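Given the coordinates of chain A, assemble chain B onto it according to the supplied hints.
Each chain, written out:
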Amino acid sequence: MMSMKKIILGLGLLIALTGAALILFVTGTKYIGVHVALILIGAALARQSRYFDDNFYHNASPQAFYPTAGLLIPWFAWLAAVLVIYGLYVSFAIAPTDFQQGEAYRIIFVHVPAAWMSMVIYVAMAFWAGLGLILNARLSAMMAQALAPTGAIFTLLALVTGSLWGKPMWGTYWVWDARLTSELILLFLFLGFIALQSSIDDPRKADRAGALLALVGVVNVPIIYFSVKWWSTLHQGSSINMGAAPKMAATMFEGMIIMALAFWMYTIAVTLIRARCIILERERNSGWVKELATRESSGAKS
Amino acid sequence: MQWESWSAFFNMGGYAFYVWLSFGLTALCVIWEVIALHNRNQAALRLIKLLAQQD
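Chains as they are written, first to last, in my numbering: chain A, 262 to 563; chain B, 979 to 1033.
Excised from the complex, chain B in its bound form:
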């Protein structure tokens, strides 16, 4: 283990802003992409159901 305490871990040797923002933005992109895909899938299924009902 590299860290003496949790606060040392969060501090990242003084580079907390750069390190955590990098990882945070990456996580945010992943979460956003997964949610967006879920919504897109639901929307597509809804549309098709609507089209099928019109027949």
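Just chain A, same shape as in the assembly:
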């Protein structure tokens, strides 16, 4: 039997050790902020493993998940807050002016993390939706539903900040370039998923319909990612390539990664909050939810 506790503990330790190993053996203190952030996130995750139940399947019931999520939210919210403060400090006070783009390049510190999150969230949403479809698990479907609005927001932000960057650099807010067009399609996929689910009254039918849409749409993600390679586009190439050293200054790179990690933590926090709302809304007729709501409104925290 898989133990959820051990999986989370192992994942946390793996992230923390990766951070430490990078300092010791690979990049030294060049990207120290990034590695410290990884150690912090990994250690927090390992510490949080105690909130999970040993039984893998027990964690999958909304009733067990609700209090667990409640305990996890402050951890991710605090990590997001600390990382965003440090990330903004690096982005504006430490990272140098770009020799080609001047100060306009600083939009990268929100644009790239938002664009990454839009793709990561879509894949996560499709994963949970697919899992919900296969296992007929309510909580998985609820997770997919909880991810969609945050995914839509980051996609919109990636498009808007990109267009605010495009205007001074390319001379136009918008071109029908492969990267921009496929990211716009991603926004429509998120909005389509939300609209489709809210248009079907039976929640289990809505889950299944949404899952199909999410799974079909996942082909768009590699198209976005590789669009700058496959077509010659106006959009510049990837900021980070696997196996190649980053071309930008170390502090620019560090600011971008820290902001991305901050967005990541923020996404987990708000997704857990929204998942709890969805559980309350959908399980409102079950006994434990009624008990909980009466307890929470009478002042006691759960």
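Just so you know, these hints were derived from the structure itself, not from any lab. All values reported here derive from a predicted model rather than from experimental measurement. Glycine residues also receive a C-beta, built at the ideal position from the N, C-alpha and C atoms. Some hints here could point you the wrong way.
In silico contact screen, one side only, chain B against chain A (beta carbon under 7 angstroms); selected entries [claimed, not checked]:
1. MET990
2. PHE1001
3. LEU1003
4. THR1004
5. ALA1005
6. LEU1023
7. ALA1030
Simulated restraints, written as ranges between beta carbons of each label pair [to be verified]:
8. VAL1012(B) / LEU495(A): 30 to 38 angstroms
9. SER985(B) / THR279(A): 41 to 49 angstroms
10. SER264(A) / ILE1009(B): 35 to 43 angstroms
11. VAL343(A) / ALA986(B): 22 to 30 angstroms
12. GLN1020(B) / VAL297(A): 33 to 41 angstroms
13. ALA986(B) / ASP315(A): 54 to 62 angstroms
14. ASP1033(B) / ASP463(A): 42 to 50 angstroms
15. LEU1003(B) / GLY432(A): 19 to 27 angstroms
Okay, now just chain B, sitting in the frame of chain A:
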């Protein structure tokens, strides 16, 4: 530190509009999302309390 003065910082090398609008809109989205979630949570709790009272 990259900046000679606060006004140089706010001016962002002449790109103030684009840079600050990008960061401002991002902040606005985050604030809006957090408030919206808080309201949604409160509404859900209110509804459930109402349902529980009807029993």
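Against the structure, the hints come out as follows:
no. : hint                                       : verdict
1   : MET990                                     : 4 angstroms, holds
2   : PHE1001                                    : 6 angstroms, holds
3   : LEU1003                                    : 6 angstroms, holds
4   : THR1004                                    : 5 angstroms, holds
5   : ALA1005                                    : 9 angstroms, violated
6   : LEU1023                                    : 5 angstroms, holds
7   : ALA1030                                    : 4 angstroms, holds
8   : VAL1012(B) / LEU495(A): 30 to 38 angstroms : 35 angstroms, holds
9   : SER985(B) / THR279(A): 41 to 49 angstroms  : 42 angstroms, holds
10  : SER264(A) / ILE1009(B): 35 to 43 angstroms : 39 angstroms, holds
11  : VAL343(A) / ALA986(B): 22 to 30 angstroms  : 28 angstroms, holds
12  : GLN1020(B) / VAL297(A): 33 to 41 angstroms : 37 angstroms, holds
13  : ALA986(B) / ASP315(A): 54 to 62 angstroms  : 57 angstroms, holds
14  : ASP1033(B) / ASP463(A): 42 to 50 angstroms : 24 angstroms, violated
15  : LEU1003(B) / GLY432(A): 19 to 27 angstroms : 21 angstroms, holds
In this structure, the hints that do not hold are numbers 5, 14, in rising order.
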